[in-house]
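Undergrad: Listed in order, the protein sequences are those of chains A and B. Under full-length UniProt numbering, the first residue of the first sequence is numbered 1, with each subsequent residue one higher. Under full-length UniProt numbering, the first residue of the second sequence is numbered 1, with each subsequent residue one higher.
Just so you know, the hints here were simulated from the structure itself, not pulled from any lab data. All values reported here derive from a predicted model rather than from experimental measurement. Treat each hint with caution, since some may be false.
To be clear about the criterion: a stretch of chain B counts as covered by chain A if any three or more of its residues have a C-beta under 8 Å from a C-beta of chain A, and this derived list gives those stretches [unchecked claim]: (1) 158-170; (2) 267-275; (3) 352-363; (4) 379-385; (5) 399-406; (6) 506-512.
Built from N, CA and C at the ideal position, the CB exists for glycine as well.
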Amino acid sequence: MQTTLYAVMFYVAAAIFAGGLGLRVWQYAKTPVPLKIPTTPAPITQAGATFRVLREVVVFESLFKSNKWIWLFGWIFHIALALVLVRHLRYFTQPVWTPVALAQPLGIYAGFAMVGALFALWVRRVAISRMRYISDAFDHLILLLLLAIGATGLGMKFIAPTDIVALKGFFLGLMAFDWQPLPADPLLLSHLALVALLMVVFPFTKLLHAPGVFFSPSRNQADDARERRYAPRPLTSKA
Amino acid sequence: MERIEAQDLGESPLHPDPLEIPALAYGAMAKSKPYPASVAHQTALGFPGELVENWQEKAVAKLGELVRNNRALRFYLDGCVRCGACTDKCHYFLGTGDPNNMPVARQNLMRRVYRRYFTFSGRIAPSLVGAEDLTREVLDEWYTYFHQCSQCRRCSVYCPFGIDTAEISMAAREIMDTIGMGQKYCNEIIGKVFKIGNNLGLPPKALKATLAGLEEEIEEDTGVPVRLPLDEAGADILLVTPSADFFASPHMEGLIGYAKVLHESGVSWTFSSHASEAANFGMFIGSRENMQKVAQRIADAARDLKVKRIVFGECGHAWRVGYNFLDTLAGPFDFLDRRYPVPQHICEFTYDLIQQGTLRLDKSKNDHIRLTFHDSCNVARASRMGDMPGGQFEIPRAILRACCNHYYDMDPDTIREATLCCGGGGGLLTDELMDLRTKGASPRMKALREVADEHGVTHMAAICAICKAQFSKVLPKFGFDMEAIVSVHQMVSNAIVLTGSKQDEEANEADEEAGSVPAVAAQAETAEPAQAANAQEEA
């Protein structure tokens, strides 16, 4: 019963996630950039500008300039999330790739770091009056969703382990369109349902910052307006 | 009147930290509004004279059009995660405590409407994601708070995604103009540019007389017939400068500085009565059409006068438009001499001459001045000078150090890319917004107070007509002299020793008597950081 339900749920969630995200990326890519607007001082070559975007993505350069606490918690959360995702690749690959196997032990520490950083971010959001003022309901809910995903995941590792072999069978089966039974542990089912929910809301919310950061003209444009004439495509449509 | 108030305020000590975060003061600036544009101001720019009947529908449609045609706007509205990094970065927030002056909150005024009409989540679950209908109350809030943004881009430096509130406030003003809800100050000025040629409405005849008066003044001071030519076809350089340079102080002193430098360079140059204005308020109101039309005048003037180069005077947003947009809007400039950057900043021009050792600068002429420099936001964060990133910070400082013996920077968190707006930029330099302007200037004034107390700084130089006008007004409110604001080229003007001038002869006589060189010819190494560090230590 839960096998069919979750199999269908994940197909739908994956379709919405990939389709929705693809659509938004396509939309960003085709939207014109009418003028040169890099925030200066900016790199004067395109390679330099690309490196600037990479620094934003990998070390959160601007956020570091701005506020060390947000940087610390935000950066820890994102790096930990990346490690946790890498760790989870073992449920989708057979045989497990060597780098994934090597990163395996790190994933556990990352799980704790992720939950801790999320909690710290949420405390900031609640405790600081400026943060409360700018927060919408969703800003709180998304943190709680991620916290719940992290907590249920850690719960399965340390409190109520699930049948990991069967779980892997379920996901490998999903990918091969050959459904295998999913264990009916409540922690696992909650964890998976929350992850599916995250995938579904991703393309419709502020989580779009993830693909969008690569499209930010103030960061990805080279400061070369006098060296190379900037003459973008004309405006596409009038209302 | 202002001066008296100033002295009272001057006695109460300012807080030493220019970036101190205020407590939230809800609605503190809710009543601040610029005067609305009249029917005549609106229609001259091609906008409806007053609020159209179906304004909501039209505004939403315009928002959609802008989002479809501007990737920056689209991503900036989508991508904000409310991390809070920008919340304490706006000078208007620091000065007023009004939470809607936090950049993210200002953006949210538009973001909520965008979500409601253009996103799936906002259509189905508005309250969950903070989506909101465009009601009359929301529109009034737009008018209030998008006229409390000087488009200075300080927030965009600190945003992890580079979200630039300036782009959003420009879009908001464009939408409001489109439905007949324009702002008087900007739109009236743009109308004057179209009708007369400059922001001040100075007709060519008056301009000619002003320039003649300045020529006389310079000759009286120096004995050298320095020319300020107007509409002289065939000159090498077209100088485009903010029209405030023709009559306001300290702008005019800067203009005299440009004229002296250009004279000394030996290159022929001219002003244009057709493009007697560098400023382009079309940018402030986010109107591509108007910005294009204003920019086109400069290209037309350059063509008509058959010049080889275009040089811009000291003006912040004009330099942004000139440096980043001019070629896109009014180019290509194939008819100019491409060995020189198009356009060039007067500071680049002067700096090159200093590097070559062509200018003779007597620093001691500025010994009565202990100087600091205010980086103007559009120069600092929206353009460049020279070949290297950050040249916009180094070149003006190198010029100033070559012109005076006592130079000190303000708090590093308030200069260069972190510079604080003067409080009057972005089309807010109008009397009815004086309260906002004063409060917005307070972080900069605190930083100035610090260097005044620590290093005895007496003057602050700027390279923007708006900064200069704004500071002349607000300095007295913070206990400073209104003449404490100077032009960069005013410092050059004071120090420059024109060839064959009275000062030149005096110096030569002194040379012969003493057998030494008292007038310091500016050397290339004045730009070196080591020299700069020495200058700091000398204090």
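Undergrad: Would you pick out the hints that fail for this structure and give their numbers low to high?
TA: 2, 3, 5, 6
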